[in-house]
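Participant: Residue strings, one per chain:
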Amino acid sequence: MSEQNVQELAYFLTYRDVVEILRLVNESPHLVALELQLGDLKVNVSRAAGELTAPTAPTVFGSPSAVAAESVRIEEEQCEENEVAAGVQTGSELVAVRAPMLGTFYRAPGPGEPPYVEPGELVEADDPIGLIDVMKLFSQIPAGVAGRVVEIVAQNGALVEHGQPLVLIEPLPDTE
Amino acid sequence: MTVLKRVFVANRGEVAVRIIRACKALGLETVIGVSEADRESLGARLADRAICIGPAPASESYLRAEILITAARGTGCQAVHPGYGFLSERPHFQRLCTESGLTFVGPSAEAIEAMGNKLSAIRIAKRIGVPTVPGSAALDSESDVQAAASAIGYPFLLKASAGGGGRGMRIVGSPNELAPALASARAEAQAAFGDPTVFLEKFIKRAKHVEIQVLGDLHGGLIQLAERDCSVQRRHQKLIEEAPCPLIEPAVRTQMAEAALALAHEVGYSSAGTVEFVYDMDAGRFYFLEMNTRLQVEHPVTEMITGIDIVQEQLRVAAGERLSVRQDEVAIRGHAIECRINAEDPANAFAPSPGRVTRWAPPVGANVRLDTHCAQGYFVPPFYDSMIGKLVVRGDSRAQATERMAAALAGFVVEGVKTTIPFHREVLGHKDFREARITTRWVEGDFLRGQARAA
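Chains as they are written, first to last, in the numbering used here: chain A, 1 to 176; chain B, 1 to 455.
Any given hint could be a false lead.
[As the list claims (entries may be wrong)] According to the in silico footprint, chain B covers these stretches of chain A (three or more CB under 8 angstroms from chain B): (1) 101-111; (2) 133-146; (3) 160-168.
[What the hints assert, rightly or not] Here are a few chain B residues that face chain A, going by a calculated C-beta distance under 10 angstroms: (4) A50; (5) I51; (6) C52; (7) P57; (8) S59; (9) E60; (10) E66; (11) I69; (12) R95; (13) L96; (14) T98.
Hint data in this document are derived by calculation from the structure and do not stem from the laboratory. Positions of the beta carbon are idealized from the N, C-alpha and C atoms, including for glycine.
Working from the sequences, and respecting the hints, build out all of it.
Facilitator: Quick look at the structure:
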């Protein structure tokens, strides 16, 4: 790691680092807020009513309770389950359009273009709901079911795993 | 170079667990790519993060280079450890990693290409004077065959040039056997492959499989960690490995190690690799076979006698560091044996036996090591390799190691799936194993045939 000094700004902030930062914040009763920016990644922590929150860093953390558990993986899984659960809680029979492959999910056909679908819109089974990019090989993902788009659960530009829910659709008998 | 903080594990099973543990020991985070069948695997639980890369069949998950690289990059990893099998020896995968800004934990693509291709490896060995199995070029006329026969000496193998799978192959023991053997081999080769040309290869009657572990870094450091003896094989699949080899003369061992280092040096080898030789027990000579440009399944026996963690060394090398040991610091202490525990039924031609493990009670002890991803309740999926664990013991002597392995196997209880444990118990108790008389043909030629007779 001889080139470390040349590339000192290339430091990569890891989950464990963030957990450690939050632990230090938590153990410092006089600290009210902390803003930390490393390259593209911004961590903003502020304390309200004695409780720890991380409002502007949703890509890193969803809930402070998961931080306390020090298991980011579990936290992310919870996120995913919560999202599905949220759909189920609406009481209707929602269908999740799942990622047929691992890759980067995009909501629009290209940068600056409007998304394929927005919540509330009607789709046919063949209509694309997004793209998955695997090393510049883009695949359109069809809705697979006709109905009304209820929620886009996957983040634009984020890595999605095989089988991960992308969009929730409320099936309708026939939209024609 | 980016600082190495997070490693992507592009493999499954026990080796995934092994890599994750080595990463943890070095303070590295891990992300594992798992198929749908491995979502609940031990590797998935131990890694800092598990991400599903595709359906159960390996061709749709563990063999999808571009998916694995997308997953590694998308999860912020700086390096990819390929383990063994799957994509570990594909130069294309190495290149794709490098082009995507990921460090491949292994040698360069050029080294994989040079040594991974068997013919290229043999050419390199010949060029630098490493002995290879004596043989001839493809031969057409009977007089050429006779000339080659007297050069190589009897006995030798007569093989079809275009062949494979043993078709057209003859063992020729003496000059008067040559003419009839040649006629039938040529006829068979012509019928099977449309090409009657044959070539000769020295026949080694009593052969041992002996291999040298090498480790290199990117600063010119290159060391060898002595040899392993992997002669207990069935259909070219290793079942039991030990280190050191019980019957090689110190002078031959030194020559073999030097040959391995010369080959590795020739291709600028870095990371862990294994140079395989066939050892002729009667002549006391060795010949280069091939090199495995990756971590080897049986690496733990070397770790047990050297105290060197080979996977941690691989990770250090990937991070751009030097090897943590010099050659003069490598010392061999005692003897180690490894038994591969496969979910196979040895009583039924080693047929795969996937399914739910209803009872898993492994042995424990100070000199016992078990590398596994298996546990009680684990479902052995039918999609992959049948190996569910590697039982390794160390002793001060081979006899002590053998006793300890026998005791460990006796106390190893697995129910729900059939395993190779009963096979190992019998081999460890066999006179031939105890007296170190095992050749690569022993399991099929002596042991299993003897069992069949006894039944």
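Participant: Does each hint fit the structure? Answer for all of them.
Facilitator: Now the hints, each set against the structure:
1. 101-111: Check passed, 4 qualifying residues.
2. 133-146: With 4 residues close enough to chain B, the hint holds.
3. 160-168: Holds: 4 residues of the segment 160-168 of chain A have a Cβ under 8 angstroms from chain B.
4. A50: 7 angstroms, holds
5. I51: 5 angstroms, holds
6. C52: 4 angstroms, holds
7. P57: 12 angstroms, violated
8. S59: 13 angstroms, violated
9. E60: Because about 9 angstroms separates B/E60 from the closest Cβ in chain A, which is inside the 10 angstroms limit, the hint holds.
10. E66: 4 angstroms, holds
11. I69: 6 angstroms, holds
12. R95: Where the cut-off is 10 angstroms and the nearest Cβ of chain A is about 13 angstroms from B/R95, the hint is violated.
13. L96: 8 angstroms, holds
14. T98: 14 angstroms, violated
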